[in-house]
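**Q** The opening position of the sequence shown corresponds to residue 1 in the UniProt record's numbering, with each subsequent residue numbered one higher.
The hints are simulated quantities; they were obtained by calculation from the structure and are not laboratory data. All of these numbers come straight from a predicted model, not from anything done at the bench. Be a bit skeptical, because a hint or two may be false.
[Unchecked claim] Straight-line C-alpha distance at most 30 Å; calculated DSSO-like pairs for lysine-lysine:
hint, residue 1, residue 2
1, K35, K50
2, K82, K35
3, K50, K82
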Amino acid sequence: EPCPEPTIVPSYYTTSDAVIASESVFVVEISLLCKNGAQNVALYADVNGKQFPVTRGQDVGRYQVSWSLEHRQAQSGTYEVKFFDEESYSALRK
Numbered sequence: 001e002p003c004p005e006p007t008i009v010p011s012y013y014t015t016s017d018a019v020i021a022s023e024s025v026f027v028v029e030i031s032l033l034c035k036n037g038a039q040n041v042a043l044y045a046d047v048n049g050k051q052f053p054v055t056r057g058q059d060v061g062r063y064q065v066s067w068s069l070e071h072r073q074a075q076s077g078t079y080e081v082k083f084f085d086e087e088s089y090s091a092l093r094k
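With the sequences and hints as input, model every part of the structure.
**A** Spelled out as structure tokens, the structure:
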């Protein structure tokens with residue numbers, strides 16, 4: 001289902017205890033509101049050129065993507081997460 005003129009509100013979480021865990025885990029959750037009222041939008045995410053599926057949350061319009069990296073590979077700073085619908089994701093994969 002297409003989502004024209006989306007309004008996106010992001011939130012995020014990362015693990016912070018390097019002693020207990022062997023990997024850093026990143027979780028990004030978004031609240032998505034579509035101008036046409038679409039609620040079942042299939043989304044995909046791209047982080048640093050690697051694609052991940054986006055899961056729908058229990059609440060309408062909530063979506064989540066997560067990934068992990070070994071601590072030595074996890075850079076501090078900002079990670080850009082690009083979200084795609086099915087049509088734009090298909091174009092990305094070509």
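**Q** State for each hint whether it applies.
**A** Status of each hint after checking the structure:
no.	hint	verdict
1	K35 x K50	holds, 29 Å
2	K82 x K35	holds, 20 Å
3	K50 x K82	holds, 10 Å
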